[in-house]
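Asks: So you can see what is in the structure, the chains are spelled out below.
There are 2 protein chains.
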Amino acid sequence: MTGDDLDKAQSGETVALSLDEVFALSRSVLLAAGLTAEQANPVARVITEGQRDECHSHGLFRLPGCVQTINHPRFNRAAVPVVESTTAAVTRVDADFGFSLPALEAAMPRFVEKARAIGISVLAINNCFHFSALWPEIERLTAQGLVAIAMTPSHSWVAPAGGTKGALGTNPLAFGWPRMGADGQPRDPYVFDFATSAIARGDISLHKMAGKPLKEGWAIDAEGNPTTDAAAALDGAMLTFGGHKGSALSTMIELLAGPLIADMTSLESMEFDDGGKAAPCHGELLIAFDPTILGGGSRDNQASSERLFGAITDQGARLPSLRRYEARARSLAHGVTIPRHLYEQILALPRAG
Amino acid sequence: MTGDDLDKAQSGETVALSLDEVFALSRSVLLAAGLTAEQANPVARVITEGQRDECHSHGLFRLPGCVQTINHPRFNRAAVPVVESTTAAVTRVDADFGFSLPALEAAMPRFVEKARAIGISVLAINNCFHFSALWPEIERLTAQGLVAIAMTPSHSWVAPAGGTKGALGTNPLAFGWPRMGADGQPRDPYVFDFATSAIARGDISLHKMAGKPLKEGWAIDAEGNPTTDAAAALDGAMLTFGGHKGSALSTMIELLAGPLIADMTSLESMEFDDGGKAAPCHGELLIAFDPTILGGGSRDNQASSERLFGAITDQGARLPSLRRYEARARSLAHGVTIPRHLYEQILALPRAG
Chain A
1310 MTGDDLDKAQ
1320 SGETVALSLD
1330 EVFALSRSVL
1340 LAAGLTAEQA
1350 NPVARVITEG
1360 QRDECHSHGL
1370 FRLPGCVQTI
1380 NHPRFNRAAV
1390 PVVESTTAAV
1400 TRVDADFGFS
1410 LPALEAAMPR
1420 FVEKARAIGI
1430 SVLAINNCFH
1440 FSALWPEIER
1450 LTAQGLVAIA
1460 MTPSHSWVAP
1470 AGGTKGALGT
1480 NPLAFGWPRM
1490 GADGQPRDPY
1500 VFDFATSAIA
1510 RGDISLHKMA
1520 GKPLKEGWAI
1530 DAEGNPTTDA
1540 AAALDGAMLT
1550 FGGHKGSALS
1560 TMIELLAGPL
1570 IADMTSLESM
1580 EFDDGGKAAP
1590 CHGELLIAFD
1600 PTILGGGSRD
1610 NQASSERLFG
1620 AITDQGARLP
1630 SLRRYEARAR
1640 SLAHGVTIPR
1650 HLYEQILALP
1660 RAG
Chain B
1310 MTGDDLDKAQ
1320 SGETVALSLD
1330 EVFALSRSVL
1340 LAAGLTAEQA
1350 NPVARVITEG
1360 QRDECHSHGL
1370 FRLPGCVQTI
1380 NHPRFNRAAV
1390 PVVESTTAAV
1400 TRVDADFGFS
1410 LPALEAAMPR
1420 FVEKARAIGI
1430 SVLAINNCFH
1440 FSALWPEIER
1450 LTAQGLVAIA
1460 MTPSHSWVAP
1470 AGGTKGALGT
1480 NPLAFGWPRM
1490 GADGQPRDPY
1500 VFDFATSAIA
1510 RGDISLHKMA
1520 GKPLKEGWAI
1530 DAEGNPTTDA
1540 AAALDGAMLT
1550 FGGHKGSALS
1560 TMIELLAGPL
1570 IADMTSLESM
1580 EFDDGGKAAP
1590 CHGELLIAFD
1600 PTILGGGSRD
1610 NQASSERLFG
1620 AITDQGARLP
1630 SLRRYEARAR
1640 SLAHGVTIPR
1650 HLYEQILALP
1660 RAG
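For the record, the sequence lines run as chains A and B. The numbering used here applies: residue 1310 is where the first sequence begins, and numbers increase by one. The numbering used here applies: residue 1310 is where the second sequence begins, and numbers increase by one.
Mixed in with the good hints there might be a few duds.
Taking lysine to aspartate or glutamate and the EDC-like style, the derived pairs with C-alpha atoms no more than 20 Å apart in a straight line are [what the hints assert, rightly or not]:
id	chain 1	residue 1	chain 2	residue 2
1	A	Lys1517	A	Asp1497
2	A	Lys1517	A	Asp1492
3	B	Lys1474	B	Asp1512
4	A	Lys1474	A	Glu1615
5	B	Lys1474	A	Glu1615
6	A	Lys1586	A	Asp1544
7	B	Lys1474	B	Asp1497
8	A	Lys1474	A	Asp1544
9	A	Lys1474	B	Asp1512
10	A	Lys1474	A	Glu1580
11	A	Lys1524	B	Glu1525
12	B	Lys1524	A	Glu1525
13	A	Lys1474	A	Glu1393
14	B	Lys1517	B	Asp1530
15	B	Lys1474	A	Asp1623
16	A	Lys1474	B	Asp1623
17	B	Lys1517	B	Glu1532
Keep in mind the hints are simulated off the structure, nothing from the lab. Note that the structure is predicted; figures quoted are calculated from it, not measured.
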């Protein structure tokens, strides 16, 4: 908890919750919205993990958006994922137009088993509504000793480098590398999870609400001109991070997590939404590598990677996810706090038993 | 070095060569330096391809550097790659401390066959000296209808975001997506190949020679302070593109193409070089996907990807590699030109036969 958060907590603007309470609250809202328990449980779990790690935009803050997604005419409240073991390396799972997370859980055992058996394995999730951060699923894989990559398209809010209007999604890329401590016990993995857009779309909205200008390079207006005006940016398009390189990377994600797995691009997903403002519906691609097979057992890959991490941190640079792990430790010890207005917004939603 | 830089460097005086002459000249220099024909041929081929596509810094300009690499005490002039078919998905090839390209050629048939059989396949090249662009190998895979990714570490000239000194390499990432024309015939694939450093190391040297300032954000000096002075940058470190996201991506490449496949990081490769200024020696990781398997045959992935490319180009944005394909058409029709001083530098090297 930061000093600011503490001040707010003391002035009564926040509400303290245990992680069990976050889970129960999320689950009861999702069930009341009509989800089956099979759909609701994994979603409630990942919302709890987001809140625990103080990724506030992926915590309870997402719950009203999940309800809006559930109410979309194309969402399937009783979706039952169907797992297909395509080849020795490939697993496909049809999410049946429910959330991505139940489909991921259904396919995870086979996906992991294949990576362990032959060194690399790919999981294609199709027809899933996707609202969640990718790091929770990356961590499920690193916890099993696997190196992991995950990516998805989104909606076509992002202009390509040199362009004037949206064609790409915010297209997150996430990666994880398992780490062992000197005592041979697992420690927090190396994990990153970033949008390939210059900034998250929600942050543009927050700047608009606060009347604050955007940074240069974040967005263009409806005519394709650079803008720092948040309202103009919402009518225009966001830009990718890193200029033409970020734009190329975002295009790669469109292709790998879209047409490669016979699912929608961000352009197609936005059309599918048909103005419903649900979470984007599309595919997701995950790749898992088993380092014990790829390394041929000939060399201690942990010594080499730990030396790299040391070279980064010894000079004062930070590894990604460190702030999350610090937040996690606090939340596991003391629970979490959320703004009272968010808590009241959630309590105003229908809840089950 | 860009074409413009080369033109300026020698005041317009150039020598015209056919592509066959580029190949023969490269091959004779490599053989005279002591390479076996099995090592020399693939290297001469990729230099010819670089020159053909007017990627001047990967064309004949590289030949003197190749000779310097061959003369490194740790380089194996008579290297014989050993291919190991590790699993149904994984192929490993030990380059035997020769160049990466002969190892790649030796392993390519099995690598491709596995991707076609089970949808995804990974190739780990170990113990290779690496000087070449990655797009030629990406194009060999897209020409066979496969989607491809390639990456390597390099030498630790690049500081992590928030850091003050080198820990990462220039770490290129390349990607390719095969494209079909409306007539059902293959057309130029979607390919990108970029360094995750903000700028290529050679460009810093060119700025130093020209007495030109660097752009902000490209480099830091030996004390870790931002600098636009090229000499100070060469004593300091380069930065990644795209801030902390580019830095995370570069770290991923270190891990996947280094410790994952039991090979060296950029830090370790620079130590291995021991001041010899050879091309970096390390590993390389390639991944190939077969879209006919991953897509389940259920949907026309070309229609979806072509629509995405159209959405990018219809608004005036360019696809990566377009300039290369335009140069290729010119070179195939008319041959290439290189600066006279470079031609004379190459003629001054020992040549075979």
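Asks: Run every hint past the structure and note whether it holds.
Replies: Verification of the supplied hints:
1. A:Lys1517 with A:Asp1497: Distance ~36 Å between Lys1517 of chain A and Asp1497 of chain A Cα, so the pair is violated.
2. A:Lys1517 with A:Asp1492: Violated, because 49 Å separates the two Cα atoms, which is more than 20 Å.
3. B:Lys1474 with B:Asp1512: holds, 19 Å
4. A:Lys1474 with A:Glu1615: violated, 42 Å
5. B:Lys1474 with A:Glu1615: Answer holds: Lys1474 of chain B to Glu1615 of chain A is near 17 Å, not above 20 Å.
6. A:Lys1586 with A:Asp1544: Given that 20 Å is the threshold and the Cα spacing comes to 15 Å, the pair holds.
7. B:Lys1474 with B:Asp1497: violated, 40 Å
8. A:Lys1474 with A:Asp1544: Between Lys1474 of chain A and Asp1544 of chain A the Cα gap is close to 10 Å, so the pair holds against 20 Å.
9. A:Lys1474 with B:Asp1512: Measuring from Cα to Cα gives roughly 32 Å; hence the hint is violated.
10. A:Lys1474 with A:Glu1580: Holds. Lys1474 of chain A to Glu1580 of chain A sits at ~15 Å (cutoff 20 Å).
11. A:Lys1524 with B:Glu1525: At roughly 17 Å apart (the allowed maximum being 20 Å), Glu1525 of chain B and Lys1524 of chain A satisfy the hint.
12. B:Lys1524 with A:Glu1525: holds, 17 Å
13. A:Lys1474 with A:Glu1393: Roughly 37 Å separates the two Cα atoms, so the pair is violated.
14. B:Lys1517 with B:Asp1530: holds, 14 Å
15. B:Lys1474 with A:Asp1623: holds, 10 Å
16. A:Lys1474 with B:Asp1623: holds, 10 Å
17. B:Lys1517 with B:Glu1532: Within the cut-off at roughly 19 Å; holds.
When held up to the earlier numbered hints, the structure conflicts with 1, 2, 4, 7, 9, 13 and fits the remainder.
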